[in-house]
Structure formats: C-alpha cells, structure tokens
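Colleague: Following the hints, complete the assembly by docking chain B onto the known chain A.
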Amino acid sequence: FNSYNEEINALNQAMDEELERDERVFLMGEEVAQYDGAYKVSRGLWKKYGDKRIIDTPISEMGFAGIAVGSAMAGLRPICEFMTFNFSMQAIDQVINSAAKTYYMSAGLQSVPIVFRGPNGASAGVAAQHSQCFAAWYAHCPGLKVVSPWNSEDARGLLKAAIRDDNPVVFLENELMYGVPFEMSEESNSKDFVIPIGKAKIERQGTHVTLVSHSRYVGHCLDAAAVLAKEGIECEVINLRTIRPMDVDTIEGSVMKTNHLVTVEGGWPQFGVGAEICAKIMEGPAFNYLDAPVTRVTGVDIPMPYAKILEDNSVPQIKDIIFSVKKTLNV
Amino acid sequence: QGFFFSSVFESCAGAAVVMSARTYANFTNEATFEIKKSDIFKLDEGPATQVVMTRDEGLQYYRTMQTMRRMELKADQLYKQKIIRGFCHLYDGQEACAVGIEASINLSDHLITAYRAHGYTYTRGGTVKEIMAELTGRRSGIAKGKGGSMHMYCKNFYGGNGIVGAQVPLGAGVALACKYQGNNELCVCLYGDGAANQGQIFETYNMAALWKLPLIFICENNRYGMGTSVERAAASTDYFKRGEFIPGLRVDGMDVLCVREATKFAADHCRSGKGPILMELQTYRYHGHSMSDPGVSYRTREEIQEVRSKSDPISLLKDRMLSNNMASVEELKEIDVEVRKEIEDASQFATTDPEPPLEELCNHIFHNNPPLEVRGTNPWSKLKSVS
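In the order they appear, the protein sequences are chains A and B. For the record, in the first sequence the residue sitting at position 314 is 314 according to UniProt numbering, with numbers rising by one throughout. For the record, in the second sequence the residue sitting at position 345 is 345 according to UniProt numbering, with numbers rising by one throughout.
Think of the hints as simulated: they come from the structure by calculation, not from any bench.
Listed below are several chain A residues computed to face chain B (Cβ distance under 7 Å; list not exhaustive): (1) Gly70; (2) Leu76; (3) Tyr103; (4) Glu283.
None of the values given here were measured: they were computed from a predicted structure. Here a beta-carbon is modelled for each residue, glycine too, at the ideal position from N, C-alpha and C.
For reference, chain A alone in the conformation it holds in the complex (with noise of 0.2 Å):
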C-alpha cells in the first residue's frame, strides 16, 4: 500500500470500500458510470458493480436528485453525484425542501440518508457560470450536514463518514485537488476509518495567530504559515473539514491561545463561512482574547473572470494570506 495517494484515488476507494460494504449504497449522476466519471473520480466502479449499482443518468439535475432523495427515502443509500455543485442549483429545491427538510417536518418518521457530492469552487479557465462556491448556501440550512475535505485523508475519511451517516451530507470536493498526492496515516489503512463529521482538525500548531480555513485554501495556509514561519511569526492552522456542524470549540480554543484569528475561504466574502466564524467567535468567550478584529480572507467579490492573470487575483493568494496575518497582527 503506497502511503502516499491522490485524492481522486482516495475518493474512489472510499466509495468502493462503501459500496462492498452495503448493498443498499449506490452512485447515480452524469457520466459516473461509463465515462468512469467527469472527472474520473469513479473510474472502475461501473466495470466492478454494474448497472445496478453505477448509474449513468440524462441531463437532468433536478429530476435524478429528486430519484436519488426519493430512493433513500425508501430504504436505499444513494451517493447522488453533481457534476459541479454549481449544477447543483437546478436541483437545490430537491436537496432542501425534499431532503433537508424532511426528517424534522415527519417529526423523526422519514429519514433521507443520501450523500450530494461533485466538485464545488474554482477550478482553472471554467470562468463565472463554473467556479462558484456553495459551502455558504448549503450551510445555511438546518438539517444538512456540509463537508469540505482538504487532503487525501480528509477525502477517504470524510466520505466514509458521509455515506455512512443516516442524514443528507452535501460534500463538497475540490477540482484542482483531485490530482493532489498527500500522505495517508497507517490507521487511514482501515476500511472502517471514518473522520467524524463536525470536527475540524489542527494541522499545524501555533502561537501568534489562528489561521482558519477548508479544502484546497488549507494548504495554501499552511504555505503561508511556513514562510511566516522564517520571520518568527508562528501560526496555528485549522483545517475545518466541517462547515456545517461547525466545530467552533476548536476554533475557540485556539483564538484563546493566540489572541489573533484569520480566516481564509474560496468563496465570496458576503454571508460566507468567514462572515459566520466572525459571528460565532464575538457570540462566544474568545471575543475577549481577542487583540483584534477578525481579518477574513476571501475571493473577490465578482463572477469569476476566464483571463488567467484576472482569474488569478480573483481568488486568496498565499501573498494574502501572508499580507492579512501582518496587518492583523500590526507587524
């Protein structure tokens, strides 16, 4: 077993792993079966499980969502693929009012136990209608779990987790991170290693600031940390892996620590998850270590351009990263 494995391959594996493990999982959305997936993350499961359990659908988001939430409704487990969760949109009535909704409106009687997962933020040239960030939208809802993986580990463990889980969990991947190679833990081995969903995870430890942040903007925080690091200014980073239960005891904890917080997001900045820790974090007794406001680091608040220079700037660069942590930290 390589210890070291991309992240589309830890994706894969996890969902042959669920899919061995019960019958009841199975995978339907646009090209997952055939094609091996859009973006090969299902490559080799149609060939292994079939038609039954691989299921090519038409162009129709709103229509096989709909299957998918429905079919969990009647005892099956669906992982219901979008093919980017700006896709997702045609269907978002589905996941809501059908699937988020349901369990509490049948007061306990009707369980939706469905996995929405596909590739969601920027990616590289697919310009505004292909690069928008749904972690915010989703995360609004009760009812709905949200996932965001950063690494290999996160993916195989998180998705496990999710398909496991007996609730809708809108997990939310990362294009530019599927050919990633990341080291995996020996206890990742396990095909029974779940990461629980709701709690984030401290990557780097730190004393002069808390850089919070998920999937791909982690590394680029932990990029940041390192040549921070050179002049003397030693940053925690958190890897939320959660955006919905939000581990903000973590987050707490460690603002409490280093009198700083910084947090750092694909999406745009208005009603985003940086807007939210802000909130939660001056609810809550670490606004009173706090040596100064939070400073959020987002992507510009524009449709995403197509020329690569505008792309570029359009979303945090490790520079901001660096830039936002000095202006917090008054240095």
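Modeller: Just chain B, lined up with the frame of chain A:
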C-alpha cells in the same frame, strides 16, 4: 342469483324496508356493473368495463369515502374557527380517486402525493384522530404537530409535499428502490393538472421509462390549478398523453369502480416489468384551491352545483348499491351516523390535545445522531436537539 333477489325486492322496497333492515342475508352479495370506458393511449386495450363489486366492498368504499368527506368538511369548520392555521387544501369531491387507487394496490406498495393529502393519509393507514390533531398542530398529530396539513407521513406514504411537482421525481426514486430491492412493489405517484406542466415531471417521465421503473403516474385533473383552468395553463390538456412514450389512460375519477379498474390495469402493467404507466383521473374539488380561496372567482357556482348533483362519487356509489339491493337506506344511514361520531370525537380530541412541548422544538434535525446544540433566537439561547 343476485339479479333474482334484486328484482323481487325492488318492487316491495317501500314496504319491506323496515323488516329487511336487520336481515342482511336478503341483500345481493355481488353485482356486475357496466362502467365508462377509459380513453387509452399507446395501449392495445384498456381496463375492464364490466366489473364486479361485492356488498362488502361497496360498504367499505362507502364508509371510507364518507369518512374522508366528513373529515374534510370538519377541517373546513375548524379552519373558519381559526383552530387550523396556514394552508389547508381540501379533498372533498375527489374521494373516489384515493379510495379507488387503494382498492387495487397493497399497503406494502408505496404512494406519494402533493399537498391535497389528507385523504391519502387516511387511505394509507393514518387515523382520523392523528390527521386532525396534525391539522390543529397538537402533540398527538401524525407528525407530532411539526408538519401540518401538507406534511403528513405514515408507512409507505411519503407525504404530503409542499413544492408543486417535486413529489414526482421522489416517487420515481421510491420506484427505483422497489426495482433495486426486487420486492415486486410499485409506487403510485400523484400530481395535479397544474403540476403537470412542471419540467421535473418530464425529466421523470424520461428516466422512469428509460429505466422501466414500477411507477404509476397519476394526474388528478380537477380542472383548475389554483385559479387557472386547464385551458389557460396547458397547450395540451390531454394529460394522459403527455408522457409521450409512456402508455396512458384517461379515467372517470368520480366513479370509484372506474378508478379501481384502471389502477388494477396499471398495477398489472407495472408488476409485469413493462415500466411506468400514466393515468389521468378526471375529478373535481368542491372547495376552492385552499381555505383562503372561495373558489368562485374563476368558476361558476352552477358548475360546482352541477358536479355535486350529477357526479358526486359518494352519491354514485350509494345509488348503485341501493338500486342493486346491496344495502338499505337505513344501513347506509347507520354508517353515516358512525362516521359522524368518529369525526366528532376526533375533532374533540384534536381541539383539546395539548400543543407540542417547547422542549421538542429542535428535535428531529438528524437521525441516529448524538444530541446537539442548536442556536436559539439570541446568543444566550442554547437549545437541545435529539434525534
């Protein structure tokens, strides 16, 4: 044999009525009826037009339809007294649809509909008590008071759905689960003439036909989508044909036997692995779209009255049973009295049962989950949620 007794007693019906009331052995046990032929689409033949109904079946259909009728009328009353709030979409006039459908499927089959759902909640196994207590928002409601009129559930009944058309893909998903699990069950999926124009329904026609799902699409055409008549909403009002490549039936939805036979035909079609089928039930609602709609600005009182006098499903069944000596006027009156009492008791219960406790507010967010904290209206309000 049945016809002989029938013709003998017909002539002395007036005089014999009091004596024969208690001797049920004098009634015809079953009779054959000629029912209206259904229009067919992409089919070589349609449902049977000569059908048998037994006395027991007739009495059961009568009791069920009367219970649904009285329940809806009681809901009307309670709504006007402001004991029921919010949305309330009543089913009176359409009883033959729910009863006819249930007569030809099993409780182990599955059914999903939109928001005009009280009748279906009953035919699928909900009690009048728990339905009414849900309407009044009390703790003994079928959804503990958390769903209301549009969100009632019970075993193999998936609601009660508020978003027009969304229930159709859900129904296909249930059918997919049936096929996947190989249990020979099917799903009946209902929508109205208004919903029939939703894009997601056409997406569902495509996938259901493509994958041969055991799904009976049923369009309950009551001629009006809220206040918009079918002619003003649809370029084609042949709803039974709009599945294009899916075989269709157009059925008299006011006749419980027509609905029963058509459903039997459709169920056989599905269970033989032929894939989905579409039934249009031509029916009528006496009430407006909901309790906030008097229902007379877009249709005439004359039209409503005409349907009531010529096509009422309960009257049609009653006339059939009486003229074939399958029941007596007294017997049916007795059923009416029993039904009225059941509804009255349920209404009493529904108005006196307490509202759900505030401790329940945040429960049922997640299933099989450890308890979690939910933010209340202000930062100091930390509420508890259990599964």
